[in-house]
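J.: So you can see what is in the structure, the chains are spelled out below.
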Amino acid sequence: MTTEATSSPTPKTPLSAQEKKNAREDRGGVRGWYGRQSKPVRIVLGVVFAALAFLLPYVGEVPLIGPQIVTQGIDWPSALFNMSYYVLLALGLNVVVGFAGLLDLGYVGFFAVGAYTVALLASPDSVLRTEWGWLAAVPIGLTVAMISGLVLGYPTLRLRGDYLAIVTLGFAEIIRIVATSTETLRGDRGFSDIPHPPGEFSDGKPIFGVADAVPYYWLGLAVIILVIFGVRNLDNSRVGRSWLAIREDQEAAEIMGVRTIKYKLWAFAIGAFIGGLGGVMFAGQQGFMNSQTFILQFSILVLAGVVMGGSGNIAGAILGGALISYIPDRLRGIEDPIWGTDLFGFRFAIFGAVIIAIMIFRPQGLIPSRRRAMELKDREKEVAPIE
Amino acid sequence: MNFSGLIQDFGPLTITGLAQGAIIALFALGYTLVYGVLRLINFAHSEVFLIGSYACLIVWGFFGLDQNSATPNVLSVIGLLLLGLVAAIIFSGLTALGVELVAYRPLRKRNAPPLAFLITAIGASLFISETVGVMTQRNIKGVPPLIQPRDVFVIGNMHVTNLQILIIVLALVSMFLLDRFINRSRLGRGIRAVAQNPDSAALMGVNKSRVISLVFLLGGLMAGIAAVMYDLKIGVTRFDAGFLLGIEAFTAAVLGGIGNLRGALLGGLLLGLLQNYAASLFGTEWLHAASFVLLVLILVVRPTGLLGESLGRARA
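In the order they appear, the protein sequences are chains A and B. Going by full-length UniProt numbering, the first residue of the first sequence is number 1, and it counts up by one from there. Going by full-length UniProt numbering, the first residue of the second sequence is number 1, and it counts up by one from there.
Among the hints, a few may not be true.
Beta-carbon label-pair distances, calculated as ranges [said to hold, decoys possible]:
| no. | chain 1 | residue 1 | chain 2 | residue 2 | range |
| --- | --- | --- | --- | --- | --- |
| 1 | A | Val-210 | B | Gln-67 | 40 to 46 Å |
| 2 | A | Gly-204 | B | Leu-297 | 54 to 60 Å |
| 3 | B | Ile-90 | A | Lys-262 | 37 to 43 Å |
| 4 | B | Ser-200 | A | Ile-69 | 38 to 44 Å |
| 5 | A | Met-374 | B | Leu-281 | 49 to 55 Å |
Stretch-level coverage of chain A by chain B, calculated; a stretch enters the list once three of its residues show a Cβ under 8 Å from a Cβ in chain B [said to hold, decoys possible]:
| no. | region |
| --- | --- |
| 6 | 237-249 |
| 7 | 297-307 |
| 8 | 352-365 |
Just so you know, these hints were derived from the structure itself, not from any lab. A virtual CB, placed ideally from N, CA and C, is assigned to each residue, including glycine.
Based on the sequences and whatever the hints tell you, model everything.
T.: This is the structure we're talking about:
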């Protein structure tokens with residue numbers, strides 16, 4: 001392990017500024033080029049990139065390329081909003097799976113907890129009859145999601161790998177069954193009239209209406225940018241180094257003085273928080289949700305996105321999250337030549353095949369984290385398989 | 001909480017629980033076998049079962065049978081059952097081999113981390129179940145009434161039907177045969193050797209690759225038998241039938257101690273019973289939740305299961 005991985009008792013400067021700079025500039029390709037630019041240039045490039053992302057709803061106006069990009073079966077701003085909450089979920093799951101190496105198959109559970117908390121507090125259908133505004137319900141939704149992350153995390157600390165995966169999967173199914181079967185959570189009937197986010201234009205029309213999804217997309221994008229900053233700083237901090245150490249070798253990390261329990265719980269809580277964030281945004285845009293919203297395939301899809309994009313890498317998670325939402329939405333409304341049905345119906349089947357192919361041919365993902373790619377390579381050399 | 005109902009219906013709940021548990025136990029064997037040898041959870045095993053549950057329906061369909069046809073005479077029922085079983089076994093076995101070939105073997109060659117196997121298995125599972133889903137328009141498919149449930153004997157209010165007896169007997173016989181195979185035959189010894197220590201086994205001349213394929217195949221055969229019995233018992237199947245029952249079968253495998261054949265039997269029967277008791281206590285909608293809660297509790301309290309993990313160590 002390098003100095004980066006072990007957090008010694010006095011890690012004042014685990015990597016000197018010069019070392020960090022070298023690490024940034026050593027990379028090849030686009031990321032290497034980006035790393036070699038001076039700081040102001042990098043900031044400007046980042047801002048330009050963000051501005052382009054904000055302009056995406058109007059990409060249909062671009063001649064030639066635009067019409068190829070926009071979706072047909074679903075209006076383009078709505079597809080963009082869908083992408084934004086998938087990206088949020090992918091970012092959150094990336095913390096748990098990519099950074100800390102804890103395989104969580106029940107991630108949709110936290111999304112559900114966030115969405116249901118908002119629905120309970122804000123919808124007129126709720127037994128609580130509080131009918132709060134969306135904004136007032138959000139902090140509570142996020143807190144409850146975070147607590148649920150700790151509640152799931154604590155008993156599963158002893159479990160690893162496969163077992164952890166199955167327990168988290170069971171957790172998500174329990175949440176779904178509870179949502180389906182209890183009177184308070186209204187099962188299939190669901191909650192309607194969940195209020196939209198507040199705000200009005202000068203002419204009195206609400207910013208976040210039913211017809212136009214563009215403001216929701218912008219809201220989602222703003223949240224994503226904040227989350228990226230937060231997650232990036234965490235990853236570069238003591239917490240991130242501890243996650244790395246746990247992921248690579250838990251026993252070694254423990255011996256080196258990393259408090260594995262504490263940092264695993266951190267990973268679960270932060271992942272759950274971001275998942276809850278996706279949930280509250282979803283509830284605020286849709287206005288309606290029921291227990292059918294939170295099927296298990298959803299978690300698996302997000303996981304597929306993270307792995308496909310490159311687990312452990314923020315850019316990879318964003319790309320993966322966007323793709324898992326974009327590809328099916330793009331397939332919607334295109335007729336399939338064999339069965340004559342909508343290609344949308346094949347989305348999970350296509351993903352299944354794509355996941356296998358990616359894991360076999362590019363196990364590190366589309367935009368891999370350099371460190372994870374190295375870990376994979378290491379393993380390949382470690383033991384010669386007996387065939 | 002409906003305690004009086006539970007006490008009153010204890011007999012009937014027990015026999016339905018045992019029949020259900022027998023199916024779960026056979027299904028669980030696939031998880032246990034693969035785990036015992038590879039230390040991996042074969043997430044795609046639920047789809048091996050699914051293919052079996054459709055294969056026998058297709059064969060029965062060739063003879064013009066669907067859910068509305070009348071029950072044929074005894075001789076043709078036996079013939080049809082055997083044919084259905086053979087078809088389900090063959091197709092389930094082939095699916096299991098296919099999953100191993102596509103999702104496991106390439107990764108094994110490059111010594112990928114265990115998570116990678118889980119993800120390719122999830123991919124295979126999604127691919128198979130969703131393809132079946134699209135091809136069947138996600139509709140449920142009815143099963144021809146080959147066996148009309150009839151009471152064979154009655155104890156108190158416990159009515160034991162011919163179908164329940166068939167399921168339990170068939171499950172026990174196949175378990176017994178599998179147990180004999182693993183513990184007595186030459187190939188079985190190879191499996192146990194690889195489960196104990198793969199590298200030493202390879203040094204002693206055991207063909208590891210072939211053993212792994214064999215293990216997947218055996219799991220597939222058992223899943224095929226379970227699938228036919230599931231069809232007959234439930235009367236319908238669906239593209240996601242494998243998934244929910246798969247989680248239950250996995251729970252059963254973990255409950256008994258994953259990697260342990262007799263543990264799978266014990267776990268399956270116990271789970272079947274517990275589910276039925278829980279359904280009677282809390283209402284049928286909690287039947288599946290009960291198995292998940294149980295799974296979480298077992299893994300937290302006793303991660304090695306009731307009989308412990310041991311395909312190799314304590315001989316099956």
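J.: Now look at each hint and say whether the structure bears it out.
T.: Hint-by-hint comparison with the structure:
no. : hint                                : result
1   : A:Val-210 <-> B:Gln-67: 40 to 46 Å  : holds, 44 Å
2   : A:Gly-204 <-> B:Leu-297: 54 to 60 Å : holds, 55 Å
3   : B:Ile-90 <-> A:Lys-262: 37 to 43 Å  : violated, 52 Å
4   : B:Ser-200 <-> A:Ile-69: 38 to 44 Å  : violated, 57 Å
5   : A:Met-374 <-> B:Leu-281: 49 to 55 Å : holds, 53 Å
6   : 237-249                             : violated (count 0)
7   : 297-307                             : holds (count 5)
8   : 352-365                             : holds (count 8)
Checked against the numbered hints given earlier, the structure breaks hints 3, 4 and 6 and satisfies all the rest.
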